[in-house]
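**Student:** Protein chains in written order, with numbering that gives the first Met the number 0: chain A, 0 to 334; chain B, 0 to 334.
Some hints here could point you the wrong way.
[As the list claims (entries may be wrong)] Partial chain B-side listing against chain A, Cβ under 8 Å, derived:
id	residue
1	Val19
2	Glu101
3	Arg105
4	Arg167
5	Phe175
6	Ile244
[What the hints assert, rightly or not] Over 10 Å on every C-beta distance to chain B, these chain A residues come out as not near it, computed from the model:
id	residue
7	Val4
8	Arg85
9	Gly169
10	Ile244
Calculated directly from the structure, the hints in this document are not laboratory data. Quick reminder that beta carbons are idealized off the backbone N, C-alpha and C, glycines included.
Protein chains: 2
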Amino acid sequence: MSAKVLTLGEVGALSDRILVANGVSAPQAGAVTRTIVAAERDHCQSHGLYRLLGYVRSMRRNQADGHAVPEVSDIAPSLLRIDAKRGFAPLAFETGLPLLVEKTRRQGIAAMAINHCLHFSALWAEVEPLADDGLVALALTPSHSWVAPAGGRKPIFGTNPIAFGWPRPGREPFVFDFATSAVARGEIELHRRAGKPIPADWAIDKDGNPTTDAAAALDGAMLTFGGHKGSALAAMVELLAGPLIGDLLSTESQKIDNQVGGPPYHGELIIAIDPAGFLGANVADHQARAETLFSGIIDQGARLPSQRRYDARKITATAGVPVPSALYYELVALI
Amino acid sequence: MSAKVLTLGEVGALSDRILVANGVSAPQAGAVTRTIVAAERDHCQSHGLYRLLGYVRSMRRNQADGHAVPEVSDIAPSLLRIDAKRGFAPLAFETGLPLLVEKTRRQGIAAMAINHCLHFSALWAEVEPLADDGLVALALTPSHSWVAPAGGRKPIFGTNPIAFGWPRPGREPFVFDFATSAVARGEIELHRRAGKPIPADWAIDKDGNPTTDAAAALDGAMLTFGGHKGSALAAMVELLAGPLIGDLLSTESQKIDNQVGGPPYHGELIIAIDPAGFLGANVADHQARAETLFSGIIDQGARLPSQRRYDARKITATAGVPVPSALYYELVALI
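Build out the structure end to end from the sequences listed, making use of the hints.
**Tutor:** And the structure:
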């Protein structure tokens, strides 16, 4: 597969040009571009330039308001709400971030709801800046209803990711970000395109029977990871990032999409905790104890989540990123 | 197996008598007894009267201070800390509960750390009263280091349960409570006693190889549920209910235990959110939307977590609970 190598600066410029050419305002485009550059930098191509195809589709189909100006509401001492107004999630997140950080430091813990956003970016890109700022962070969002509950057969949950960040002074934070579905939906789509069977614990067909056929799986329901435990977590994400903040369930987001296959339109919940609130002057001591947990994992040959991303980051800063030629020309054609 | 049927009142009286006879103060005994009665009421025998054997052992071995008076510290607008002072967790939780509820309603979200407690009770018994009070609740605690990280071979995590509660007006809340280990440690012990093999995804032997031998598993390491995702969650529980609140990791709790096999001595984190903080006067509308998620699960033949407990509750209120005769006489001998 031929590829064109772009510097991260070129990735950003390309992304900005495509978005602005398709009616996205400079602030909305800038925030989306920062998530796309971060994903390419970390070799997370699934959330990189490829996503621009979806962003542009949602503009051309009038799903997104590319000129939305997110509005911050200070609704309780430890809560804030950002109305994304049918804009993309990244600008809503960036708009709310300063007040979330301020509240978390003042109150000890705080929660930010983002409402009415088109969510198409990775959650690790949101917990990482909070952890870089010394805070502990948890982020949750539903999606479209593609996933059946344990013991069921009909899709009702989204892929419902959970992301968590823990600050590590002087180095990249401990960050994980995973779907509560057994696998990303795109992974099943890749198997279908390649004509390859999928593992038996990824999905069921539309009659509720186990299947290794990717097309039957896409027509049926995905399964959660970890059986009834993963299913319980998927329900928790629906509740916390849905009804709790007055926003949509994955089934409701799916209905609004009306089968056009756009990015999910719904809400997100971010919770942040300031370790200094519990630990006062002893933060460094207890953070050092947390490091013994991490070394206990690494020293036995296991891996910390996000390590692959951080390793990629060291390379792409100078080497740039390879973009498949077919994708590159498809993107350039959007300008 | 012969059994003696006790009313729930008799369960409570027996529990109180045993604890007080073994040097536990009336307030500490009362709080422990309430969790034991709740467990027997819900047919959760593993957290019922059987646990008294462990409580008494921890008194006789001087691990617990049966007369500890938990101390509440109001450390930040949305944070509080309960020092359990080497007493049992239930009284520390009950002591902190009113201030946690008050802070949650005032601030929108609040977190309570319990430090220096012997934790031997179920977490669902803590999130359920918060949800009964109309709040959303999340509770986390480490344990002893019995569980290997994904890709590793040495035990470093506890069984690290996560419990979640969501209020359902006029009925029992949506509650789940599960270990992030593949299975409870007691389950492997039961297989060992019965000479039965265990499933291959529960544990590894001390050399890190998969095993179906229960004794080899107990000598080796348990595995997390759900592979690297469950492993990430187990690490999150260690961090949030350990270093974040200035309390012990499961490896540290294990060292203090010094192989006597007592209840873990460590901390716990409880986070509560008031739906009214986000939803104001619209709480009922959005709770009704949450109910469509639950009916969407039930209507396809799947089960909500805790349903079995709630069903048992309807029976035991009048029928009482059967206590195996061997356990009953072992308990009576402790008085």
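**Student:** It remains to establish, for every hint, whether it holds in the given structure.
**Tutor:** Against the structure, the hints:
1. Val19: This interface hint is violated because 34 Å lies over the 8 Å limit.
2. Glu101: Since the shortest Cβ distance to chain A is 13 Å, the answer is violated.
3. Arg105: Given a least distance of 7 Å, the restraint on arginine 105/B holds.
4. Arg167: Result: violated, 11 Å to nearest chain A Cβ.
5. Phe175: holds (4 Å)
6. Ile244: holds (5 Å)
7. Val4: Answer for valine 4/A: holds, closest chain B Cβ roughly 31 Å.
8. Arg85: holds (19 Å)
9. Gly169: Per Cβ check, glycine 169/A is outside 10 Å of chain B; nearest 16 Å; holds.
10. Ile244: violated (5 Å)
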